[in-house]
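Undergrad: Just so you know, the sequences run in chain order X and G. With my numbering applied, the first sequence corresponds to residues 1 to 335, in that order. With my numbering applied, the second sequence corresponds to residues 1 to 282, in that order.
Hints were generated in silico from the structure; no laboratory data involved. Treat the hints with caution; some may be incorrect.
What the hints assert, rightly or not - Capping the alpha-carbon separation at 20 Å, the derived lysine to any residue pairs in SDA-like fashion look like this: (1) G:LYS274 with X:GLY138; (2) G:LYS274 with X:ASP134; (3) G:LYS274 with X:ILE135; (4) X:LYS200 with G:ILE245.
Please read these numbers as outputs of a predicted model, since none were measured by experiment.
Below, each chain spelled out in residue letters.
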Amino acid sequence: MLLQRFLIRLLTMAITLFGVAVVVFVVIRVAPGDPIAMMLPPGATQEDIDRLRALYGLDKTIVQQFFIWLAGVIRGDFGTSISLRQDVLGLVFNRLPATLELAIVALIMAVALGGTTAVLGAREHGTVVEAGIDIASGAALSIPDFLWGLVLILLFGVLVPIFDISGRVSPQLDLPFVTQFYFFESLLRLRLDLTWDLLKHMLMPAVALALPLAAIISQLLKQSLKEVLDLDYVVLARVKGFSETQVILREALKNAALPTLTLVGVQFTFLIGGTVIVERLFSYEGLGNMAIDAVINRDLPLIQGIVLVFALLFVLINLAVDMMYALLNPRLRHG
Amino acid sequence: MDEARIARRGLGPRLWLAGGWLLLALLAAIFAPLVAPQDPLAQDLMLERLPPFWMSGAEPGYWLGTDSLGRDLLSRLIFGGRIAFIVAFAAAIAACLVGSTLGLIAGYFGGWADRIISRIVDVWMAFPPVLFAILLVAVLGTGLSSVILAIAIIDWTRFCRVIRAEAMGQSRMDYVENARIAGYGRIGIMLREVLPNVVPSIVALLSLEMGIAIIVEAILSFVNLSISTDDPTWGGIIAEGRLSIHQAWWVLVFPLITLILTVLSFSQFGEALKTRFDPVLR
Numbered sequence: 001m002l003l004q005r006f007l008i009r010l011l012t013m014a015i016t017l018f019g020v021a022v023v024v025f026v027v028i029r030v031a032p033g034d035p036i037a038m039m040l041p042p043g044a045t046q047e048d049i050d051r052l053r054a055l056y057g058l059d060k061t062i063v064q065q066f067f068i069w070l071a072g073v074i075r076g077d078f079g080t081s082i083s084l085r086q087d088v089l090g091l092v093f094n095r096l097p098a099t100l101e102l103a104i105v106a107l108i109m110a111v112a113l114g115g116t117t118a119v120l121g122a123r124e125h126g127t128v129v130e131a132g133i134d135i136a137s138g139a140a141l142s143i144p145d146f147l148w149g150l151v152l153i154l155l156f157g158v159l160v161p162i163f164d165i166s167g168r169v170s171p172q173l174d175l176p177f178v179t180q181f182y183f184f185e186s187l188l189r190l191r192l193d194l195t196w197d198l199l200k201h202m203l204m205p206a207v208a209l210a211l212p213l214a215a216i217i218s219q220l221l222k223q224s225l226k227e228v229l230d231l232d233y234v235v236l237a238r239v240k241g242f243s244e245t246q247v248i249l250r251e252a253l254k255n256a257a258l259p260t261l262t263l264v265g266v267q268f269t270f271l272i273g274g275t276v277i278v279e280r281l282f283s284y285e286g287l288g289n290m291a292i293d294a295v296i297n298r299d300l301p302l303i304q305g306i307v308l309v310f311a312l313l314f315v316l317i318n319l320a321v322d323m324m325y326a327l328l329n330p331r332l333r334h335g
Numbered sequence: 001m002d003e004a005r006i007a008r009r010g011l012g013p014r015l016w017l018a019g020g021w022l023l024l025a026l027l028a029a030i031f032a033p034l035v036a037p038q039d040p041l042a043q044d045l046m047l048e049r050l051p052p053f054w055m056s057g058a059e060p061g062y063w064l065g066t067d068s069l070g071r072d073l074l075s076r077l078i079f080g081g082r083i084a085f086i087v088a089f090a091a092a093i094a095a096c097l098v099g100s101t102l103g104l105i106a107g108y109f110g111g112w113a114d115r116i117i118s119r120i121v122d123v124w125m126a127f128p129p130v131l132f133a134i135l136l137v138a139v140l141g142t143g144l145s146s147v148i149l150a151i152a153i154i155d156w157t158r159f160c161r162v163i164r165a166e167a168m169g170q171s172r173m174d175y176v177e178n179a180r181i182a183g184y185g186r187i188g189i190m191l192r193e194v195l196p197n198v199v200p201s202i203v204a205l206l207s208l209e210m211g212i213a214i215i216v217e218a219i220l221s222f223v224n225l226s227i228s229t230d231d232p233t234w235g236g237i238i239a240e241g242r243l244s245i246h247q248a249w250w251v252l253v254f255p256l257i258t259l260i261l262t263v264l265s266f267s268q269f270g271e272a273l274k275t276r277f278d279p280v281l282r
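Looking at chain G on its own, in the form it has when it is part of the complex:
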């Protein structure tokens, strides 16, 4: 109990920092047209490769500098956040719904349902995930919904494996047996007794998956297979930055910092939520 309390206190500042960054990034993305200092698509060859504000040669209003087409980096990052968060939420929730449902069924019912679902998970795990994502987007065609669908199709196994194991453990507990004796149906027990006990894990995984989805989207735009090339995406900016790395390092550095902070925040946030929701630790 003491250890749990210490762990929870230790997560305090981390939760606030992680949540603070995510909120800031999310608000910036939602209100992008209001907060972005420039038009993210406006090209100006007179303004190409301007350095960030503290270096000589910087222009006021272009805080983080510009890329090789003279587009404002900060504005592109803010607008890129829109795609990142849409993909994060939609793909993670879709993967979670499919994976948790199948995991719950496999873990609670066992038997044939478990065998079939586990075999499908095995097949899925034998694919290199990044290659699978690239293949799916190539098949589905580029675009926002394809990216979301591809990530959900690949990553449901993350939820399925964990929730299956947890549901299996829960279904052996006394309280499940008691509920059965009390006359509840199997599906009723699964939803009313087992599901609430695996929610902490689902929440933690969901937060983690949002970070992963953002990375996969960045990877897809990095290989130029995400959404249409006009809209700025974090991965797309990174791809530009990788090409002009010796002329304009900032085009790579700032999206990289943005991605790292976001991914770290999602994983820390998930950990903290799990500790907070866990009935045992609480």
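So that you can see chain X by itself, here it is in the shape it has in the complex:
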């Protein structure tokens, strides 16, 4: 049953990705503005323009172009960036780790912050503490990451300048890294001086991305915890003499976490979507920042590649969450 579920999900995933590819391909090709004209110096002849147009396959019909591109994508060839004149896949792989690192650090923060406040709120049920957590999570949820980023820039970039407000790493540093996962690699190599520098750049964008998600986790998990806390087995644990915190952490949490997990999956894709503007805001050299440049430069192959990678990421996360849910949920596991 699990396998069947997995295969169905895989099929819908493929359909979704194909849909994304079609939509983005059509959308960017109805765009006015000629990317080829932007590449050439003003004095270029019509012959030069035609030659370049043929080189990028832009002289064919949209349908032909789509299938040529699709055949390439299946072979792992996403074409050549028009503005950067490099292989699209290489460019994407070069930037993707920066975005993934940022998103994962933000996710960890959101789970830690949301989880802690949920447990605290459930334990202090009906007190000022719970009311405070409710107000804070309400505000964190209503204000989007873009605005949180600006608030953080003002607070910790200008008022108390303890963090860097732009870039991924200080440019004067020598980087010994072999992967593009600078942050994780610096941890593994125990180059904590570099970890600190990277963290100083990453912390504010990560917090901006984490706050809305932390608020959702906090609200939902607290709600589930409260429901579970009234169940017999939890009451029994309490009678046995466990403290309220112990009851929550040892008994209630694992059963209350399941509904939250599904939501976190969907919300994590929103978080990744948010990296586009947050990276821009902090001049963080990730995929999203490159995507905005690609749109501004009308770099069609690069836009297509980036959007498809984002879409792939989204459907993979949804698939992973779905599978995790099926594995963890006893009813589905044995059903």
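Since chain X is already given, all that's left is putting chain G on it; use the hints.
TA: Chain G only, in chain X's frame:
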């Protein structure tokens, strides 16, 4: 019932505060030429980067200071509100019409209609929304109608998903079955029986979407892709403020406060309206 009454009373002051701010901002935007103290476009290099009124070096008549071109910040915020509210209302209503209609159809009729609509929603959800918005505006060309269209094209799924789920729940209710037995047609039942029951959610989402539309417009003007660069927009002012953050913090702080208050107000207002309209809670 008691809990509902408490919840409603608790929302009272919040509703008034949120509604009060929105009304104030909206009136200021509508009567911008009358209430703005200065011409929002007038540049004066003698007056560049004046601080807000309580700081030394401030000039009377320039309450919130000026930007690096000597333009009055308060007047720019007031005029920027015009674009913000036009985008908020137009984009949210457009997204609502498309999304709610499709959601209602998918949820009530189910079957093939539901499968097709849900698949399209899946595809839409696989796009990073901000990137999608930037891409659409780049394609449609900058300008007010492009921004509105782009937001509507992206955000109809918010309405569609929620209304689909609600309509699905409603269509299983007894009263829908009764209406069918009473001989009403399918579309008649959908519009007369199901639709009124999902209106509270639509209203709440509409208010929330207005806040979201304002943010998206701000993001688009922040990356310089919204309307023409001459007219002041909140996002455009924020972009200027981000550049001159170390010389003139107020150019970033005041539009940021304006945006936060507006977005919070729209979401609170939506919550309050939902509680008020909800037949169960009422």
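Undergrad: All hints are to be evaluated individually against the structure, with a verdict given for each.
TA: Hints, verified against the model:
Between LYS274 of chain G and GLY138 of chain X, the direct Cα distance comes to roughly 16 Å. Compliance with the 20 Å bound is thereby established for this hinted pair. Annotation: proposed proximity of LYS274 of chain G to ASP134 of chain X holds, straight-line Cα distance about 19 Å (limit 20 Å). Only pairs whose Cα atoms come within 20 Å are accepted, and LYS274 of chain G paired with ILE135 of chain X is accepted, the gap being roughly 19 Å. For the hint pairing LYS200 of chain X with ILE245 of chain G, the CA-to-CA distance comes to about 19 Å; that is within 20 Å, so the pair holds.
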